[in-house]
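*Asks:* This is what each chain is made of:
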Amino acid sequence: MTTPTPSILAEGVVSGYYGKKVLDGVSFSVTEPGVYVVLGPNGAGKTTLLRTLAGILKPYAGRVEINGISSQAKEARRQIDYITHLDGIPEGMKVEDALRFYANVEGGTEEDVKRVVGLLDLTELARMRFPQLSQGQKKRVSVARIFLREKSVYLLDEPTSNLDPKVAREIRELVLQLSRDKVVLYSSHNLFEAREIGSRVIAVKGGKLALFGKIDEIKTQTYTVGVRTLGPEASLESATMEGDYYLFELRGPEEVPGLINDLTGKGVKIREVREMQNPLEELFK
Amino acid sequence: MQDIDPIYFLTPVVVVAFSLGLVAYWRVRRRLTMFVVLFSLVAYFGAICAKGVFQFLTYRAPFFPASGGNAFELGAYFGLQTVFFEVGGAYLVARYAVSQGMLKANDAEGYGISLAMWENGALIGGSLLVSYAIYYATLSAGGGAAAEQMYTTLIRSAPSLFDAPSSALPLIGYAILERVSSLLIHFSWGYLCVLAAVFKRRTFLLFALPMGLVDFLTPFSGSLATGAFEGLLLAIGLLCVAVTLTVTRGKYRRQGMLFTSPSAEAGALNLGPLFYTNFRRALNFGRIYVVVGMFLPLLFAVQVSAAGGKAGSSILGQIYPLLLPMFVVLGSLGALMIFSSDKDKGVYEYLIAYGVDASTIFWSIIVATMGIVTLVLTVSIGVTIAALVVTGGTPSIGFGELILFYTIPLSYAATMFMSMAGMIWSQLTTRVAGVNSPAGIAPLLGIAPVLAVFFAATQVGSGYLLYLVGGVSIAMIWAVVVMASVANSRMQRERFLSNA
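Protein sequences appear in the order of chains A and B.
Numbering that gives the first Met the number 0 applies: residue 0 is where the first sequence begins, and numbers increase by one.
Numbering that gives the first Met the number 0 applies: residue 0 is where the second sequence begins, and numbers increase by one.
Worth double-checking, as some hints may not be accurate.
Unchecked claim - Here are the computed lysine-lysine pairs in the PhoX-like style, where the Cα-Cα straight-line distance is at most 25 Å:
{"hint": "1", "chain 1": "A", "residue 1": "LYS113", "chain 2": "B", "residue 2": "LYS344"}
{"hint": "2", "chain 1": "A", "residue 1": "LYS113", "chain 2": "A", "residue 2": "LYS181"}
{"hint": "3", "chain 1": "A", "residue 1": "LYS165", "chain 2": "A", "residue 2": "LYS113"}
{"hint": "4", "chain 1": "B", "residue 1": "LYS344", "chain 2": "A", "residue 2": "LYS73"}
{"hint": "5", "chain 1": "B", "residue 1": "LYS344", "chain 2": "A", "residue 2": "LYS19"}
{"hint": "6", "chain 1": "A", "residue 1": "LYS93", "chain 2": "B", "residue 2": "LYS344"}
{"hint": "7", "chain 1": "A", "residue 1": "LYS57", "chain 2": "B", "residue 2": "LYS344"}
{"hint": "8", "chain 1": "A", "residue 1": "LYS57", "chain 2": "A", "residue 2": "LYS19"}
{"hint": "9", "chain 1": "A", "residue 1": "LYS204", "chain 2": "A", "residue 2": "LYS19"}
{"hint": "10", "chain 1": "B", "residue 1": "LYS344", "chain 2": "A", "residue 2": "LYS137"}
{"hint": "11", "chain 1": "B", "residue 1": "LYS50", "chain 2": "A", "residue 2": "LYS181"}
Stated by the list, open to error - Rough simulated footprint, nothing fancy, chain A against chain B, three-plus residues with beta-carbon under 8 Å:
{"hint": "12", "stretch": "27-41"}
{"hint": "13", "stretch": "279-293"}
{"hint": "14", "stretch": "328-341"}
Everything labelled a hint here was simulated from the structure, so no lab data went into it.
C-beta: ideal position from N, C-alpha, C; glycine also.
Please model the complete structure; the sequences and the hints are all you need to start from.
*Replies:* Structural data, given as structure tokens:
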């Protein structure tokens, strides 16, 4: 029986910028379709890993292959779609012109542009120029680009950052649809988002592979939120405080709406609710 | 002798216009490659030739019953030929093109539209236009034997050509309608043939082949009322399109909910839009510079001409060609500005991820720059010559020589050099606001060689100007080619990443 060619093969990859190493000896291979969440604290090398896999950075050592072809070859790059934190929309263009530009470069058609405008609900934005859009709208347009043409490997660098929860969820659903028969690497610094979307994790720490396996292997951390009220609240006297925030330990972000309901039910006047601690900080200690 | 009414030209003009217009629309706004147009040309005219040979060999053959005049047999004779030669031929050509990787599923519409264009726009519309032009020219000349003979022939074979315009209009409308039906039918079978070849689905071919039987109706055109006949053809055309869209929709569904086009993996990059879009954006981005580059020399020209009459024209004739390259350099800054902006926005990161190489990115900017140079030079020189003439001056030979041998070569060479050196400068320097911007250093790089040639020419004498300009231009273009080549092979790709 022959072993299937991995969709992504990274073997002893050393990579970085201008000769300075950021990744050091990263090895893993991905064969089955699905969402693989690339986790790591800021500066761990997540973006560098995705850029190296995308063939944008040439590894100083080791090899990267996409479906058995070196990632440096154009044929490999044609099998990948990729987004970074940058929107990549040429300045001065209208939204639909920008999508048309990328579709045309990739040999796509007007039909692809229309389909994507419908898929990402961009109809109202289509004739607007990019600077007129909010940060979230810009991100939506940027994400729309990856749905223009079908590829076999998708490298998505924090695709839901700056998006409101509703749009973020819609995009995660689209990514999940993609992952039915394609490999998606999805970088995030949010463990709870990772749990929602992926079943496997590629954890990077200090430029090295810290973990490659099932996401359940990551020990569950408590999720702490801080609630800031308009004034002192007698009903919250027993709660721990950090600065102006009353702290609550939850199992995950999905419990936040329940907490808000409880508090407002008790007459607490909420001014702000925020995440007090990034579970990944604990994970990578 | 009566001539044909020019109103008859409406039929071929409208048919050619909508056939070519659709092709142009598909080329610009949707997808229609030159390969598709060429393959459809081979498929269509191959089939027409094959039909011609077949009919030559069989139509008058004694064993062939169709020649006896039975309309049903004759209809089957024409219909089956179209099935085998036109539809079958379109499929065979599509299959070959698919096997060579030159035709993809998203070319299906273009293939159908192109087949229709060759039939309606070229073979029928084009030949009708030429024929009518010959009839009209010959008959309007009148009198001669040729005109007499043509009139006699036409009054027998096509008497309706001499009808009054009021009775001609319905016939023209029907003729155009027939071509619309033909367009729908050709589009349908062309579309199905490509998808049958790409997805190896015989079902699509089995739906396409019977569409050729539309030519079964040919012998019945005289026996049915014109309106009914054309209405029937249109209904068949619409039915073909409906069947085509219905049977292929299932295939698209099988491709998945998210994508309707086939995977991009096997397709080649289409770099035309990169070049075209960069030119358009460069014009828009640097419009102030383009205006400065174009209109300052114009104002200068008009002012000097108006003030000095012939003397002014003479001064203008000497100074203007020497100044123009400097304004051209300014006018073409827009392309460099989009290079800087696109790099910061991450556009190049994505293009490189798609497989676009560094030299393509550089050349797309240089080509956009050259486009603007051409625009500025054309408008500026054209209007200046007009201003000279209007104010009573005549462009002298010396003026023409300066434009040809100094202004034009130096404008192109200096702006090419400026663009390439500006881009390399931007790539190699670390980010310091205002210093590594190519738009900041570029005018210096572009204007310096122009000024150097200008002053060198005053030292060595005008007799050496041609050698001087030629030498400097060649050196700058050589430098551009070397920089592009070295940058492509040696420059690290991280240089294209945004600093943001």
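*Asks:* Decide, hint by hint, whether the structure agrees.
*Replies:* For each hint, the structure was consulted:
no.	hint	verdict
1	A:LYS113 with B:LYS344	holds (24 Å)
2	A:LYS113 with A:LYS181	holds (23 Å)
3	A:LYS165 with A:LYS113	holds (22 Å)
4	B:LYS344 with A:LYS73	holds (22 Å)
5	B:LYS344 with A:LYS19	holds (23 Å)
6	A:LYS93 with B:LYS344	holds (15 Å)
7	A:LYS57 with B:LYS344	holds (21 Å)
8	A:LYS57 with A:LYS19	holds (12 Å)
9	A:LYS204 with A:LYS19	holds (16 Å)
10	B:LYS344 with A:LYS137	holds (12 Å)
11	B:LYS50 with A:LYS181	violated (48 Å)
12	27-41	holds (count 3)
13	279-293	holds (count 3)
14	328-341	holds (count 3)
The structure fails to meet hint 11 from the earlier list, while all remaining hints are met.
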